[in-house]
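*Asks:* Next come the chains, spelled out residue by residue.
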Amino acid sequence: MSRFASAFGKPAPALVCFITAGDGDTAANLDALVEAGADVIELGMPFTDPMADGPAIQSANLRSLGAGTTTADVLRYAADFRARHPQVPLVLMGYANPMVRRGPEWFAEAAAAAGVDGVICVDIPPEEDDALGPALRAHGIAPIRLATPTTDAARLPQVLEGSEGFLYYVSVAGITGKQQAQIASIEANVARIKQSTGIPVAVGFGVRTPEQAAEIAKVADGVVVGSALVEICGQHGAEAPQHLKALTAALAEAVHSAR
Amino acid sequence: MNTPLNSFRNLPDERGHFGQFGGRYVAETLMPLVLDLEREYRKAQQDPAFQAEFDDLLEHYVGRPSPLYFAPRLTEELRLLAASQGKPECGAQVWFKRDELNHTGAHKINNCIGQILLAIRMGKTRIIAETGAGQHGVATATVCARFGLPCVIYMGAEDVKRQSPNVFRMKLLGAEVIPVTSGGATLKDAMNEGLRDWVANVHDTFYIIGTAAGPHPYPEMVRNFQSVIGKEARAQMLSRTGRLPDLLVAAIGGGSNALGLFHPFLDDPSVKMLGVEAAGHGLDGDEHAASLLGGSPGVLHGNRTYLLQDEDGQITEGHSISAGLDYPGIGPEHAWLKESGRVDYTAVTDEEALDAFQLLCATEGIIPALEPSHAIAAVKKVAPTMPKDSIILVNLCGRGDKDIFTVAERLGVEL
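As given, the protein sequences belong to chains A and B, one line each in that order.
Just so you know, we're using the numbering used here here: the first sequence kicks off at 1 and counts up by one.
Just so you know, we're using the numbering used here here: the second sequence kicks off at 1001 and counts up by one.
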């Protein structure tokens, strides 16, 4: 059974936590998330031009790059995480250019060797799947696609075709971190998507509090929290793990007991 | 359009690819929008009323056709240079396509007219754009005022400081100018912010991209709107001289003025073409904006193309004396034209461009923008190596009013 199948196969919905690699003590931050109850980890690959991200994650990218984080560092964080946490699904999330810089084969092979389970590439839509998807699949890594409020019924099958691991439903048309999603529209869209696919659907963008997370967990297989955690990394630096632990524990409690 | 199978003019393919370049590398939220844009653009292309309105505005509002001008004193100057280099039989004739005489002072307006007509056709009620030097911002603000649509311009905070006259122009025209402080606070960051706005306002907003880059169909669409330059120039040259030019020269930032001139000539095998990138302080260092000559292929802002980047694929800041060339990428069709060998590319430094700027002022009474000054600097090198009966056609894509402060500073003159 894949790590995704285990994480999403539990009776309770899954909590998916995102932080940016190289922003603070990455190993300690990741351990804090797992210890506090995160079911899936998304590790952000920093990029100079994160055009789908709001101010919180933009700043995290710049902090990480400013600290000298390289692709090799990100892969090392991933490999070390896998050694410490053999069962927790690990997803790399980022933009196309750092992923394809040395060729898709190189990246897929390196990510597989580091124990990565899935990759979310924000700016490779199904139309450009050739740029990375085949290499990932050949190395047993799930290409995780995004669906959004603008992904209409006609387009949805194309997005689902070739999607693996889980589907990431972006709850608002916009950038990460700021907007509040309307629960009614999330519920309707998740229901629509689940009619067309058997893979789990996790919902993210704009989810900041345990209350919001609990509402979404009632209607989805997983809840993704990113910017709120990334802000903690930015505010607390070396002290971040304890604060991450506190928020993550509250989020996990809310998500796991939502239904 | 009827083009032969081996034509250089039949790309992109239906996926928006120029060979390995181009494409639609955008977030899923934007993907349905770019598909919708392409559908609407295809319909507009088939609609004679759309073309008629575009042509009418170009004639009566922009002031087209722009003149084709033979530059006698510059030609003579370069012949003297040829003679001094031991080649008295050399010194090509230099001609200019005068797109600096357009309304708003540059070629940018051609594209803005086309895109705002499309925006109106699609029922969009709000316009956004990015700008570097401010020329595209001014052109966008201009067409928004002309059609009564609200306009938001994203401009790097550094560029807002460097280009204050253009910021004021945009405001006079009713645009809201938003300084972008993220990243390096220049053109690429303004483009990131434009994309962030678009993704959050998908239902009512049209993004007028200023150069032949971005996700398909923008590179093709911008090229087609700008091709009016080359179509006019080709007809004008045939009518004036009875033949085609031997060499076309144009400056390249994103590459829209060059494609506008080159594209209608691509299937004329006798016509050579030279694109001129900004070498800044020199290609051997990091301070240049020459994506083709000093960069490598990658993915940014919706397309695969040549980029300035490090070994991990992080984008590096371009540098040029010309804020309009100061972008770390280039339109994907240029990347393909380079690889296919159809167009040659070179680069000139800030110093060479500054010399060429002054040369044109002194010999022809024309103050060029710093962007086409790069093209003129390349002509200064190549014209003295070509026979006297050969013809070079340069795209004079913008006028230099906006640049007098930069030039004065570089020349040590206080205004």
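Note that these hints are calculated values from the structure, not bench results.
Treat the hints loosely; a few may be bogus.
[To be verified] Here are the simulated SDA-like cross-link-like pairs (lysine to any residue), alpha carbons at most 20 Å apart as the crow flies:
no.: 1; chain 1: B; residue 1: 1124; chain 2: A; residue 2: 149
no.: 2; chain 1: B; residue 1: 1381; chain 2: B; residue 2: 1358
no.: 3; chain 1: A; residue 1: 178; chain 2: B; residue 2: 1203
no.: 4; chain 1: A; residue 1: 178; chain 2: B; residue 2: 1202
no.: 5; chain 1: A; residue 1: 178; chain 2: B; residue 2: 1407
no.: 6; chain 1: B; residue 1: 1380; chain 2: B; residue 2: 1362
no.: 7; chain 1: A; residue 1: 178; chain 2: B; residue 2: 1181
no.: 8; chain 1: B; residue 1: 1338; chain 2: B; residue 2: 1235
no.: 9; chain 1: B; residue 1: 1087; chain 2: B; residue 2: 1381
no.: 10; chain 1: B; residue 1: 1087; chain 2: B; residue 2: 1382
no.: 11; chain 1: A; residue 1: 178; chain 2: B; residue 2: 1090
no.: 12; chain 1: B; residue 1: 1338; chain 2: B; residue 2: 1090
no.: 13; chain 1: B; residue 1: 1380; chain 2: B; residue 2: 1361
no.: 14; chain 1: A; residue 1: 178; chain 2: B; residue 2: 1197
no.: 15; chain 1: B; residue 1: 1272; chain 2: B; residue 2: 1006
no.: 16; chain 1: B; residue 1: 1124; chain 2: A; residue 2: 150
no.: 17; chain 1: B; residue 1: 1388; chain 2: B; residue 2: 1090
no.: 18; chain 1: B; residue 1: 1124; chain 2: B; residue 2: 1179
no.: 19; chain 1: A; residue 1: 245; chain 2: A; residue 2: 234
no.: 20; chain 1: A; residue 1: 178; chain 2: B; residue 2: 1200
[Claimed, not checked] Label pairs and their calculated CB-CB ranges:
no.: 21; chain 1: B; residue 1: 1181; chain 2: A; residue 2: 27; range: 29 to 35 Å
no.: 22; chain 1: B; residue 1: 1340; chain 2: A; residue 2: 84; range: 47 to 53 Å
no.: 23; chain 1: B; residue 1: 1165; chain 2: A; residue 2: 191; range: 50 to 56 Å
no.: 24; chain 1: A; residue 1: 105; chain 2: B; residue 2: 1401; range: 48 to 54 Å
no.: 25; chain 1: B; residue 1: 1049; chain 2: A; residue 2: 191; range: 41 to 47 Å
no.: 26; chain 1: B; residue 1: 1015; chain 2: A; residue 2: 140; range: 54 to 60 Å
no.: 27; chain 1: A; residue 1: 103; chain 2: B; residue 2: 1267; range: 55 to 61 Å
no.: 28; chain 1: B; residue 1: 1181; chain 2: A; residue 2: 191; range: 37 to 43 Å
no.: 29; chain 1: B; residue 1: 1311; chain 2: A; residue 2: 27; range: 20 to 26 Å
no.: 30; chain 1: A; residue 1: 70; chain 2: B; residue 2: 1411; range: 51 to 57 Å
no.: 31; chain 1: B; residue 1: 1168; chain 2: A; residue 2: 235; range: 34 to 40 Å
no.: 32; chain 1: B; residue 1: 1231; chain 2: A; residue 2: 112; range: 28 to 34 Å
no.: 33; chain 1: A; residue 1: 235; chain 2: B; residue 2: 1015; range: 42 to 48 Å
no.: 34; chain 1: A; residue 1: 105; chain 2: B; residue 2: 1390; range: 43 to 49 Å
We put the CB at the ideal spot given by N, CA and C, even for glycine.
*Asks:* Is residue 178 of chain A within 20 Å of residue 1181 of chain B, Cα to Cα?
*Replies:* holds (18 Å)
*Asks:* Against the range 48 to 54 Å, how does the distance between the Cβ atoms of residue 105 of chain A and residue 1401 of chain B compare: consistent or not?
*Replies:* holds (51 Å)
*Asks:* Does the beta carbon distance between residue 1311 of chain B and residue 27 of chain A stay inside 20 to 26 Å, or does it fall outside?
*Replies:* Between residue 1311 of chain B and residue 27 of chain A, where Cβ atoms are some 24 Å apart, the hint holds.
*Asks:* Is the Cα-Cα distance between residue 1087 of chain B and residue 1382 of chain B 20 Å or less?
*Replies:* holds (12 Å)
*Asks:* Is the distance from the Cβ of residue 1168 of chain B to the Cβ of residue 235 of chain A consistent with 34 to 40 Å?
*Replies:* For residue 1168 of chain B and residue 235 of chain A the Cβ distance comes to about 38 Å; the hint holds.
*Asks:* Range hint 43 to 49 Å: satisfied by the CB atoms of residue 105 of chain A and residue 1390 of chain B?
*Replies:* holds (48 Å)
*Asks:* Within 41 to 47 Å: is that where the Cβ-Cβ distance between residue 1049 of chain B and residue 191 of chain A falls?
*Replies:* holds (43 Å)
*Asks:* Range first: 47 to 53 Å. Now tell me if the beta carbons of residue 1340 of chain B and residue 84 of chain A are that far apart.
*Replies:* holds (50 Å)
*Asks:* Would the pair residue 1124 of chain B and residue 150 of chain A pass a check requiring their Cα atoms to be no farther apart than 20 Å?
*Replies:* holds (16 Å)
*Asks:* 29 to 35 Å was suggested as the range; check whether the CB atoms of residue 1181 of chain B and residue 27 of chain A agree with it.
*Replies:* holds (32 Å)
*Asks:* Sort out whether residue 1202 of chain B lies within 20 Å of residue 178 of chain A, counting only the CA atoms.
*Replies:* OK: residue 178 of chain A and residue 1202 of chain B at ~16 Å, within 20 Å.
*Asks:* Holds or violated: 51 to 57 Å for the Cβ distance of residue 70 of chain A and residue 1411 of chain B?
*Replies:* Distance hint for residue 70 of chain A, residue 1411 of chain B is violated at roughly 42 Å.
In the structure shown, a violation is registered for the earlier hints numbered 5, 8, 11, 12, 18, 26, 27, 30, 32, in ascending order.
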